[in-house]
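The task is to assemble the complex, starting from two chains supplied on their own in separate frames and drawing on the hints.
One-letter residues, chain by chain:
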Amino acid sequence: MTTAPAKAGWRFRQPSVIPGFGLTLGFSLAYLTLIILIPLSGLVWRSAALGWADFWAIAIDRRTLNALRISFGTAFLAAVVNVVFGTVVAWVLVRYRFPGRRIADAMVDLPFALPTAVAGIALTTLYAPNGWIGQLLMPLGIKVAYTPLGIVVALVFIGLPFVVRTVQPIMEEIDKEVEEAAATLGASRFQIITRVLFPGLAPAIITGFSLAFARGVGEYGSVIFIAGNLPFKSEIAPLLIVIRLEEYNYEAATAIAAIMLALSFLMLLVVNLVQTWSRKRYG
Amino acid sequence: MEVRVVNVRKEFERFPALHDVSLDIRSGELIALLGPSGSGKTTLLRLIAGLERPTKGAIFFGDEDASQKSIQERNVGFVFQHYALFRHMTVADNIGFGLKVRHGAARPSAQEIRRRALELLDLVQLSGLEKRYPAQLSGGQRQRVALARAMAIEPKVLLLDEPFGALDAQVRRELRRWLREIHDRTGHTTVFVTHDQEEALELADRVVVMSQGRIEQVGTADDIYDTPNSPFVYSFIGESSSLPVKVENGEIWIADRPIGLQAPHAPSGEAVLHFRPHDVELLDGCSGCIAGTVAASRRVAGTRRVELEIGGQRQRVEIELPVDHPAAQKSRVAFRPRRWKLFPAA
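Going down the list, the sequences are from chains B and V. Residue numbering for the first sequence follows the numbering used here, starting at 1 and increasing by one per position. Residue numbering for the second sequence follows the numbering used here, starting at 1 and increasing by one per position.
Be a bit skeptical, because a hint or two may be false.
Said to hold, decoys possible - Below, in silico cross-link-like pairs of lysine-lysine (DSSO-like), each with a Cα-Cα straight-line distance of 30 Å or less:
| # | chain 1 | residue 1 | chain 2 | residue 2 |
| --- | --- | --- | --- | --- |
| 1 | V | Lys156 | V | Lys56 |
| 2 | B | Lys280 | B | Lys176 |
| 3 | V | Lys69 | V | Lys100 |
| 4 | V | Lys131 | B | Lys280 |
| 5 | B | Lys143 | B | Lys233 |
| 6 | V | Lys131 | V | Lys100 |
| 7 | V | Lys131 | B | Lys176 |
| 8 | V | Lys246 | V | Lys341 |
| 9 | V | Lys131 | V | Lys156 |
| 10 | V | Lys69 | V | Lys156 |
| 11 | B | Lys176 | V | Lys156 |
| 12 | B | Lys176 | V | Lys56 |
| 13 | V | Lys341 | V | Lys330 |
| 14 | V | Lys246 | V | Lys131 |
| 15 | B | Lys176 | V | Lys69 |
| 16 | V | Lys100 | B | Lys280 |
| 17 | V | Lys69 | V | Lys56 |
| 18 | V | Lys100 | V | Lys156 |
| 19 | B | Lys176 | V | Lys100 |
Stated by the list, open to error - FRET-style restraints, in silico, Cβ to Cβ:
| # | chain 1 | residue 1 | chain 2 | residue 2 | range |
| --- | --- | --- | --- | --- | --- |
| 20 | B | Phe265 | V | Asp168 | 41 to 49 Å |
| 21 | B | Arg189 | V | Arg132 | 41 to 49 Å |
| 22 | V | Phe15 | B | Val274 | 45 to 53 Å |
| 23 | V | Phe15 | B | Gly100 | 24 to 32 Å |
| 24 | B | Leu136 | V | Arg132 | 26 to 34 Å |
Unchecked claim - Computed footprint of chain V on chain B, listed as stretches where at least three residues anywhere in the stretch have a Cβ under 8 Å from a Cβ of chain V:
| # | stretch |
| --- | --- |
| 25 | 174 to 186 |
| 26 | 192 to 203 |
No lab work stands behind these hints, which were simulated from the structure alone. Every residue gets a Cβ at the ideal spot worked out from N, C-alpha and C, and that includes glycine.
So that you can see chain V by itself, here it is in the shape it has in the complex (with noise of 0.2 Å):
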């Protein structure tokens, strides 16, 4: 199901927590909302949901307009950071849950519930523990339950907040895989918020990077992490290093000097350069390019990671260097980013 958010804005008490956001889902598509905390990430899902209503704008699933359905008409599944199982129910009645509270007609027979449930549950590789309590399971498997119960009624939309987020990295990166491959042959339209942009970026057909209640960037993981359309998508995925520079007639310079690197489309004036710590190119002499002297310099795994001082307002940039570099051992390094990127200044 093909899921429309239309410049929807949510207020909590005045305080606004999304400001007109508007984002396309296609149907099967699985997509990540990623952000700090108070990005407003869980807000948006918890409207997709029905749990919140918008102060403005509406949500559509397909064509119907979702935003006037109660949250039990909307049918959506939903999976919870801490689990919400019902702990008085084993985990077959758990799951069949979504089913039993159906009405009449709509409402299966008690053996094919059974049979429902036992399905799903083999579908999340948990056979055998129909008949435990959720305290029996442990963590990774109460996920796998209660996404098991959300998959039961068959949902418009499956929505996510945070699945992984109570489970420790192991376990984590071992429901990360299976969920993707779930998604891969059940096809369900699913929605998921982390804070982890490497869960995002691994798991998601599509990311979509908040900040403060707005949507910074729509796109693949490729998208997001080689084109970040903004300051704060390069500092918030993955590493990044920023200096601030001038631009005069299409050079960049630093301080008084050009270092090498054409803009010609920027307008003239202040701005900030952006660039990826280990995409830079090392350079002997300096006729045009960003030297300065080393203030630290740490082993990180398979990098040395140093810290340079550039120019006299003594900025701090930091790049990486491959561990048995020779430049390592310098006072003073020159340097070149490779793929950089500039915004204008704050």
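Extracted from the complex, chain B is given alone in its bound form (with noise of 0.2 Å):
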């Protein structure tokens, strides 16, 4: 299938019969670099004046690396929690036909629409410990508002449609044969779905796990309304660096934000690393 020489390493792909290559190439880099490149760097050029010293104070010090963990560990609880039901309404959208589907299906998009203060708003107005579901929670002993699980609580909200959305076209095109010859071979419902469905589903499932999770590091609107922000606490990056701002402490911002950039940029790599690998396995 592949003519190509093994040894070829890096090189252009074949241009196709139809022209374009050239224009649509210059234009996607042209693109890229004015949206996303010269943004970027200018981020990084702004906490390079900052000196090396000083930036690995502001690296190391303690309200900062509090924020990181906080945004980094919420957002990939968040996801966690995420892919594991947005996989399970995927599954009801796309196997059932229920009354209401269409609804249900139409209601997986509004955290997409919704401005995420009305949402961080909304979430806070419940869970704190008056809310309608806060004060059921009271006496257990589980506090949301105001605690970094309220931070899991709105970021599970704003990413639930990635991983939705991702996993449900993949499984509308899994081939019902595919089930019943592995029932045919002797496989119990629980093995059908554990041994050939999910496996087939799971670049989908990382993809997923990747929007929702990078959804989560970046969110800010949500979650500072739910999650009290006391530093150290529930105080998360983004909103750190708006603090900075406020103080007009440009580079201290610039310099948390470059952390960021850089341990999600490396987090995102390695989920596409994994992606290609299992793209190539499973074709």
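Written out as structure tokens, the structure is:
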């Protein structure tokens, strides 16, 4: 199937007979540079003005470290929760026909459309100690609003559509015959799901995870309402950046931003490598 | 394992796909379900597999009533037209899947499963490809893997749903011969569905011809081709021509002329005469023959196919002539079918 010599390494993919390769590639690069690369390098440039020693001091400052830990930790937890329940939601939407399915399907997108501040305020009202859900959890000793748990709740809300919308189309493509084949070979329903269907969905689930995670790391609007924003406890990194900006401490703000950028890039890179690997295997 | 289908009826949302079908499949037999699309052949196969449940009737494997069992318990090997391989598993894992999902003592050890997989891979002539993924195989290779996977569970019956339908003609012929060999070597009772009559006649011990949810005829290739028992089988299998005729006192007439064919047991009245275009005798004079004006003449591979207009109704029939036969140049040709069959007019 692949006729290219194995050692070809990096080279341009043979352009197709349809013209426009040069034009579209040029446009894409210019566009990416303008929209993403220039602002981000500006960020790195600004924080570089700080000098190594000062930069390092900000980086290992306890408040910075805690904010980063909370940001990445809650985003990770929320993404894990979303992967589990988002996959279940996608499964139900794809597999079953029930009254109101289309409405449920449309509802999944609401977190995309809703202003995040509105989501944050709504969630805070619900989960506050005197809110509808909060007052039920209070006797159990669970505090949601104004704790890192609240941040996770907000990020779960924000991230759900990312998982559902990436997994759903792949799930729809699953060939019914593959399931039937597994059944004739003696696999139980549970074995079919865990051994046949789920591995096929893995690449889509990983993509959904990384999108939900990335969104969670960058989320600001909904979180600041529910988090309580106590330094060292429930203060997220984006908020810390805003605080530094309000103090006119631009260098510190850009330094934290640059660290976030590097960490996010690293994690997305790892996720992408896992993706590529699984694509290669599963064709 | 002997399989008996007893008075099975299947409806899909009130629409009947199979009407009271009964069929006995002998142990070790290779049998083909042949029919046009919508004839119910795939439905029958899926009912035997347990992928569908009959609306009425029962299916027996040996003396056991299999229709009460789930798909998992039936232990059938099913091969799909589009392979249905597990694309995230290697070829060896695909083949071993049916053994790996067994529980407790029934599950062989990992080494045993691997050994079996390699053995089957050898049987389907794909040794050395065990580490490949399905995406890295050609269509013909994928179908072989699918067959090996189905055979790994030692199935009671092997069921193949248009197994070569997605492959090109060359590979198809090759796999056909190969499937016959495998069948002769392993002796699994095998049922396969096809709409390709050449495939069915060449490959199967017996052919089941189906149409509109019913079995039209069951028999060997010779039975089906030489003594079709219905107009449908006559026209569906091989080339055939037909003419409306009249029977009077055991003689066959077209319009107002007897054509020299006797049908002593046929009731008098309207009927339809069927014959094979190549199985005709050309005549010079015409006292008791079918004569017609040549309407068209086409060269088809080794023969010449001539279309004739017969009688005042200008009924068209096709006959085949040797390429160099002088009759092809004439404007009128007279002939008489050598072998033929009469069916009552519809």
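**Study point:** Holds or violated: Lys131(V) to Lys156(V), with C-alpha atoms at most 30 Å apart
**Key:** It holds: about 28 Å lies between the C-alpha atoms, which stays within 30 Å.
Check your understanding: Taking 30 Å as the top limit, are the C-alpha atoms of Lys246(V) and Lys131(V) close enough?
Key -> 68 Å, violated
**Study point:** Pair hint Lys100(V) and Lys280(B), alpha-carbon separation not exceeding 30 Å
**Key:** 24 Å, holds
Point to revise | Restraint status (C-alpha distance of Lys69(V) to Lys100(V) at most 30 Å) | key: With Cα atoms ~21 Å apart, Lys69(V) and Lys100(V) stay inside 30 Å; holds.
Practice item. Would you check the hint for Lys246(V) and Lys341(V), treating anything up to 30 Å between C-alpha atoms as holding? Key: Holds: Lys246(V) and Lys341(V) sit about 13 Å apart, inside 30 Å.
Practice item. Would you check the hint for Lys176(B) and Lys156(V), treating anything up to 30 Å between C-alpha atoms as holding? Key: 23 Å, holds
Practice item. Measure nothing beyond the straight line between the CA atoms of Lys131(V) and Lys280(B); if it is 30 Å or shorter, mark the hint as holding. Key: Holds - the C-alpha atoms of Lys280(B) and Lys131(V) are around 14 Å apart, at most 30 Å.
Check your understanding: Within 30 Å, alpha carbon to alpha carbon, are Lys156(V) and Lys56(V)?
Key -> 23 Å, holds
Practice item. For the pair we were handed, Lys143(B) and Lys233(B), check the Cα-Cα distance against 30 Å. Key: It holds: about 14 Å lies between the C-alpha atoms, which stays within 30 Å.
Review point. When you check the alpha-carbon spacing of Lys69(V) and Lys56(V), does it fall within 30 Å?
Key: Measuring from Cα to Cα gives roughly 15 Å; hence the hint holds.
Point to revise | Restraint status (C-alpha distance of Lys176(B) to Lys56(V) at most 30 Å) | key: 25 Å, holds
Point to revise | Phe15(V) paired with Gly100(B), Cβ distance criterion 24 to 32 Å | key: 28 Å, holds
Taken one by one, the earlier hints fail for this structure at numbers 14, 21 and 24, listed in ascending order.
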